[in-house]
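Chains A and B are the protein sequences, given in the same order. With the working numbering, the residue at position 234 of the first sequence is 234, and numbering never jumps. With the working numbering, the residue at position 168 of the second sequence is 168, and numbering never jumps.
Calculated directly from the structure, the hints in this document are not laboratory data.
Derived, one-sided and incomplete: chain B residues facing chain A with beta-carbon distance under 7 Å:
no. : residue
1   : 103
2   : 171
3   : 172
4   : 173
5   : 175
6   : 176
7   : 180
8   : 183
9   : 187
10  : 324
11  : 326
12  : 330
13  : 337
14  : 340
15  : 341
By construction, the Cβ of each residue, glycine as well, lies at the ideal position given by its N, Cα and C atoms.
Listed here are the chains, written in short residue letters.
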Amino acid sequence: MLLPPEPRRAPARAALLAGLAALLVAAALLSLVVGSRSIPVGDVLGALLREVDSDDATVVTSQRLPRTLVGLAAGAALGGAGALMQGHTRNPLADPGLFGVNAGAGFGVALVVFVLGAQSPAVVVLAALAGAGAATTALFVLGLGSLRAGALVVLAVLATTLAALLTALTSSFALLDRQTLDVMRFWAVGSVAGRDDSLVWLVGPLALAGLVLALANARAVSTLGLGADVARSLGTGVLRARVVGIAAITLLAGTATAVCGPIGFVGLVAPHVARRLTGHDYRWIVPASVLLGASLLLLADTAGRVAAPPGELQAGIVMAALGAPVLLAITRRRRLVAL
Amino acid sequence: MSTGTSTGTGLRIGPVGLRVRRRAAAATAAVLAAVVAVVVTALLIAVLALAPERELAALAGEGSRIEALVVDRRLTRALAAVLVGAALGCSGALSQTITRNPIASPDVLGVTAGASAAAVLVTVTPLGAGAAAGVGGSALLGVAALAGGVAATALVLVLSWRGGFDGYRLVLVGIGVNALALAAVAWLLTRAELEDAAVATRWMTGSLDGVRAAALVPLAVVAVPAALLCAVLADRLGALRLGREVALSLGTRPARTELQALVLTVALASVATAVAGPVGFVAFVAPQAAMRLFRTAGPPPLAGAALGALLVLVADTVAQWLPAALPVGIITSVIGAPYLLSLMIRSLGRTRA
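Okay, chain A solo, but in the shape it has when bound (with noise of 0.2 Å):
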């Protein structure tokens, strides 16, 4: 076991903020170089910033730049959920993926299409918000006030079942109506890949208002963590936190999971690492998780590409081979720390 880490000074903690950037740059530049048909970087780079015109360079361009785009916002947006949500709820398991937040999004989904037929981006992005929204809701209302010894089980198990509820419900609408379950087969498995482009001028701005504020949600986060009442003689409006915390959880994984469908593990692993190498404060734990995030889903994508040739693994799923053994990593500690 390693020693929690010393607290470091800020500048320290910047130049880590910067490496986690250049990492980020690096996943990024390798989502587009790797592929079933690998792309030397020169040509990458031309194809990027010259607009050479060839084959390699329209792969480039069409396919492989919106895909990484993709990857890199919805991992930065879930790395930022999972942070606050691990920072909120004080539950070192707490991820929009297990705790039912991209569950509560897809069934909103169907619940539109399902009910009201309405496919149009606009109405399906707004219905996984609304979804991802009450999910955090319940999930805040019934965890906090509560978070004694076993309270922290209490809280995972009762998020894992309303995870399992809102999906056997999204399961039964698809298959009760054709419909639905022609909106609902993208979201089987979370993917990054071949995604629909008309999206991101409405998702993009959204998930942008999320990183935003759970950037300034961050402070309050780490003041609560001291306990309400000190946060309170510290300044902090608990009430208000609470409520900017619910909004920027819901804008950042709902539109990453109104993108890329269900995508678990991101908001559970890149915190954690992130509390590894920042420490306690969530002014720097948000923002190293928003990097890493980025870059894991990039990493776990294109794994996903070469991992099974010929076909491909969904980043989804890499994503829960990686995730998995680091969530029982946690459980595995001596004593399950409140965070």
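Put chain B on the given structure of chain A with help from the hints.
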């Protein structure tokens, strides 16, 4: 241990001691009557309704070929529902008893998901796909599911061992193993490119669609001796509920009882999964509901089995009536998950107070 002491009427047959209590007896009779009633309803009222006298004739072997086929299918399906439900209910009661934790049912601990993953692995390999039909195929599937269930259980036990078992850590590790196994199922299904969506839904959510009589053989082979063994174990499990030290001082060997109950749990849950896939929440709901209905001190294995049978049977019958037939696992999850949530919210309320 002596039976027939101060309360109730005692009865003893070999190693089985039975204390007849009025409430439990009445509840058992009611549940079994309900099971029979639902089986009859399921046979009579279905998409293709047969007149009762034709149904009887077909059961007696005097109907036309189509009637015989229809009745045969329905009877197999109803029987499958009863056996799967009973196996899951019983296995849930056993695991809840040995962990002393109502949450720790085989589906939360990842046993059913592990069994499901192994069964899918066999199904998508050419060897397994070739032997899919017939008793041989179902036996292969059963053995694979059993191996998967054992592997998942072993993984959970090894990973949660910390100089002793903590009920909470067991559940958390179970959640992790469950997630891993479900991801494996999803991956195997995407690789297999199965044309048949029904096969995929069976292994994702649990379904009794197109179940064959041959598939029930391994289940019956495990379930019937398991039920007898539960009756033998009942006393010792009762002692175990009071804690390991008390169980020891009552003259039982707790470690041995736990091991026997664990073997039964894994075997029952795995074989049931081989037939119907991971039917959600039955193993959690049935024993907990039985405990309240029968007013027993802990989750009762045999009463849990009876209630589990009723639950799966009703869920499957309801599922067939819906405009598009839903897999039974969705119905049981929709019933079971809110029940689990409500129980837990109530317990949260208690700890807060």
